[in-house]
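Trainee: For the record, the sequence lines run as chains D and A.
Its first residue numbered 258, the first sequence is counted upward by one per residue in our numbering.
Its first residue numbered 113, the second sequence is counted upward by one per residue in our numbering.
The set of hints was computed from the structure by calculation and includes no laboratory data.
Even for Gly, the Cβ is constructed at its ideal location relative to N, Cα and C.
Just so you know, not all the hints are guaranteed correct.
[To be verified] To be clear about the criterion: a stretch of chain A counts as covered by chain D if any three or more of its residues have a C-beta under 8 angstroms from a C-beta of chain D, and this derived list gives those stretches:
(1) 192-198
(2) 201-209
(3) 566-575
[What the hints assert, rightly or not] Okay, derived cross-link-like pairs now, DSS-like style, lysine-lysine, Cα gap no bigger than 30 angstroms in a straight line:
(4) Lys333/D - Lys316/D
(5) Lys342/D - Lys316/D
(6) Lys350/D - Lys316/D
(7) Lys208/A - Lys333/D
(8) Lys316/D - Lys208/A
(9) Lys316/D - Lys223/A
(10) Lys342/D - Lys682/A
[Said to hold, decoys possible] Computed from the model, here is a short list of chain D residues facing chain A with C-beta under 8 angstroms:
(11) Tyr285
(12) Ser304
(13) Pro308
(14) Ala329
(15) Arg332
(16) Lys333
(17) Tyr334
(18) Thr338
(19) Pro367
(20) Glu368
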Amino acid sequence: MRLERELMRGAGPVAVLRLLSVRPMYGYELIDTLASRTEGVLAMGQSTLYPLLYNLEAKGLIQAEWREGEAARPRKYYSLTGAGKRRLETDSKQWAALARAMTALGVIGPEAEGVGA
Amino acid sequence: MKRDPEASRAATVGHAAGARRADSSVDSFGLPAPITDIITRTVRSTRLWRGERAEVARELASHFAEGLAAGRSERDLIDSFGDAGETARLIRRAVKRRRPLVWRAAARTAKGAVVATLAVVALFVVYAIRFSMGDPSVTRNFTAELNARHAHVPASERAWPVYVRAVPAFTRESQEVRGEWPGVRPGDEAWDATVGWLTANAGALAIIRDAASRPTLGLDVSNAHDPAYVAAKAEANGEPYELTEREENPTLITILLPQLGEFRQFAVALVQDASVAAHEGDGGRVAANMAAVSGLARHAAEQPFLISSLVAIAITQMQCEHLMRLLADHGDAFSDAHLRELAHLLGSPRTEDALRIDFSAEIAYFEDFVQRAYTDDGRGGGRLTPEGFRFLSTLESIFAPDAVGVQHDVLADTVVGPLAAIVMGDRREITDMHARLMGEAQAIASQPLWRMDTARFDALADGLSSTPLRTARYLPVSWIIPVAPRSHAASQVAIGTRDAALVAIALELHRRRHGEYPAALGDLVPVFLPAVPPDRFDGNPLRYALRDGRPLLYSIGVDGIDDAGVPPKKGPRGAGQWRSAPELAASLATRMGRDRHIGDWVFLPVFEPTEE
């Protein structure tokens, strides 16, 4: 299942920030990881990811760095900045609150299994 | 996605250098041609800066290279890339956010400016369309109203057709003979030629006397001269005179007043002839000429234009000054009856009327402008029209001939016209301002010179041009508003001169009856003078004393100080010229000003003409 565009617009940045909080990653790796770790739910193409990365960079939440010689070809690695870490912390709390609220409402969790059935 | 080949070519040419850098970034990855192509197209479509495109191209190439290395097919990677145009648009938007703050601020400002400009242009276009649709409604024919005042007078009783018959005598060639009139006296180089001309043209002078004795001038004013006058001028000048088409309702500002110029030279000729007559001992001719001069002044003032009043005033002042001179030089030429006749002439209500300033045509000038320039909403409001905008140029050529005028073409009328309508006051605003100014002008004109307070009028008039915006806002008001203080002062000074001439006649009559001049002016009242006239500069009785048995008659003059009858170094006339307080202060700060204004305005004894 792929997310609606509006949901992706909200979830995509925090998902990328979360991945980059573990270690620096390059674009293809991010797309690959997002697809595999979320079973395709947060899969995004280049036309979505790279603008998203440039936006986060413009906001000062991530920074980029070309690395040559580590692999067969040059890769542009993105890593979290201090501001990015603080934003991830804030966003994570909000998503947790949202998840709790959705659970309480039965939008997610066991009760949601039958919704729409 | 279909691509526009022209746009593509332009983009290729315009961004060739950037494309080369982006291409080289991609080439180093050794990607298949279809992938290189989609990267190149995407990057080119972003229309980003050269360095930004190279950076994006390199990152996309790296991405595809990773995909191929991971075992994905070329087709799979291209399909998952999506639409190149949409990707380029998203990338462009995101990358631009990374640009420097200063650039983004400038871009946003420029964008705002463009939007604001477009909005202003759109508003202006709407306003310009509304402006172009404005139409004034001309409801009054001021020229017809003026002419209606004497419509009941039969043509045979009107003075103007008679005056016209004297015009051919005043040829261009004779101007040389008449150049120093009316001050040519026996013994002067020009005396013989003067007497010769006056003798040769005695018929023309008789015609003028006849015309001046008629009760009404009866000139139908118009934008065109009447044919008889045109023929007379052609005869006088020896060349055709312009005959223009007569309009049914001409703009009041364009109507012609040919009588004023003619009356000036008629009056000068009559006064000069009076001088010759006095020399010949012909007091009757002097009195007849002076009566004719008064008739000229009365006829000049018949039209309610300010310039008409000023000409009447100038004629009367000249008449009185020269009458005092003739009395001093040739007193014996006048019989008692002549002197009484002259006194009654100068003291008559008709002379009084001719010396009064009339602002009614000035108000009509303005009302005529407004009705031709503005729309009329029926409640006193209205906006400037294209016709009014063009009318402004007519006014400008009359009142501000040195100003840089607008050349009226389609562009000027379409762009400058609406701008003028925005900047200039609307109908109600300029009408109210004009009414306030004219109210102050009338207040000034109702006061004698010594009580004349011009402060309110001056402040209001100065305020019309206190800022460039106000100058533009009240342009027609400032153009049309009369120079009220100076005009009224000219009237008052002429009345002062007339009063002095009446006193001079009374003194001569007293001398004849009692063998000496009176000790005080009060002795003349009531037999020779109804009352002692006031000094126009302070309201006290005119100053009088006997010096060696001869009368000394004077006003304290413009400087307001009694100098015991000593005139300014440059002669007495300068002391009789009114100046506002600031003008007088500025003048007295200079040597020339002091020589001209410090001293008394002396009527008797009569001083020699000065270089003034």
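Trainee: Take the hints in turn and mark each one as holding or not.
Mentor: Status of the hints after comparison with the structure:
1. Chain D is given as covering the segment 192-198 of chain A, and this holds because 5 residues of the stretch bring a CB closer than 8 angstroms to a CB of that chain, at least three being needed.
2. Remark: the segment 201-209 of chain A is confirmed as covered by chain D, as 6 of its residues place a Cβ nearer than 8 angstroms to a Cβ of that chain, reaching the required three.
3. With 0 residues carrying a beta carbon less than 8 angstroms from a beta carbon of chain D, the segment 566-575 of chain A misses the three-residue requirement, and the given coverage is violated.
4. This hinted pair checks out: Lys333/D and Lys316/D have alpha carbons roughly 18 angstroms apart, not beyond 30 angstroms.
5. Note on Lys342/D and Lys316/D: the hinted pairing holds, with a Cα-Cα distance of about 13 angstroms set against a maximum of 30 angstroms.
6. At most 30 angstroms may separate the alpha-carbon atoms for a hinted pair to count; Lys350/D and Lys316/D meet this at roughly 20 angstroms.
7. Taking the CA atoms of Lys208/A and Lys333/D, the gap is about 19 angstroms. The hint holds against a cut of 30 angstroms.
8. A hinted pair counts as satisfied when its Cα atoms are at most 30 angstroms apart, and Lys316/D with Lys208/A qualifies at roughly 12 angstroms.
9. For the suggested pair Lys316/D and Lys223/A, the alpha carbons sit about 22 angstroms apart, so the restraint of at most 30 angstroms is met.
10. Only pairs whose Cα atoms come within 30 angstroms are accepted, and Lys342/D paired with Lys682/A is rejected, the gap being roughly 96 angstroms.
11. Evaluation of the Tyr285/D hint against chain A yields a held restraint, the C-beta minimum of about 4 angstroms falling below 8 angstroms.
12. The restraint placing Ser304/D at the interface with chain A holds, with a minimum CB-CB distance near 4 angstroms, inside the 8 angstroms limit.
13. Hint on Pro308/D holds. Least Cβ distance to chain A is approximately 4 angstroms, under the 8 angstroms limit.
14. With 8 angstroms as the threshold, the beta carbon of Ala329/D comes within range of chain A, its nearest partner Cβ sitting at about 7 angstroms, so the hint holds.
15. Nearest Cβ of chain A to the Cβ of Arg332/D: about 6 angstroms, under the 8 angstroms cut. The hint holds.
16. Checking Lys333/D against chain A: minimum C-beta separation of about 5 angstroms stays under 8 angstroms; hint holds.
17. For Tyr334/D, the suggested interface contact is broken, since its CB lies about 11 angstroms from the closest CB of chain A, more than 8 angstroms.
18. Among the interface hints, the one on Thr338/D is violated; its C-beta lies about 14 angstroms from the nearest C-beta in chain A, farther than the 8 angstroms criterion.
19. The interface hint given for Pro367/D is broken, as the beta carbon of that residue sits about 35 angstroms from the closest beta carbon of chain A, more than 8 angstroms.
20. Taking 8 angstroms as the C-beta contact cut-off toward chain A, the hint placing Glu368/D at the interface is violated, the least distance being around 36 angstroms.
The earlier numbered hints that this structure contradicts are 3, 10, 17, 18, 19 and 20.
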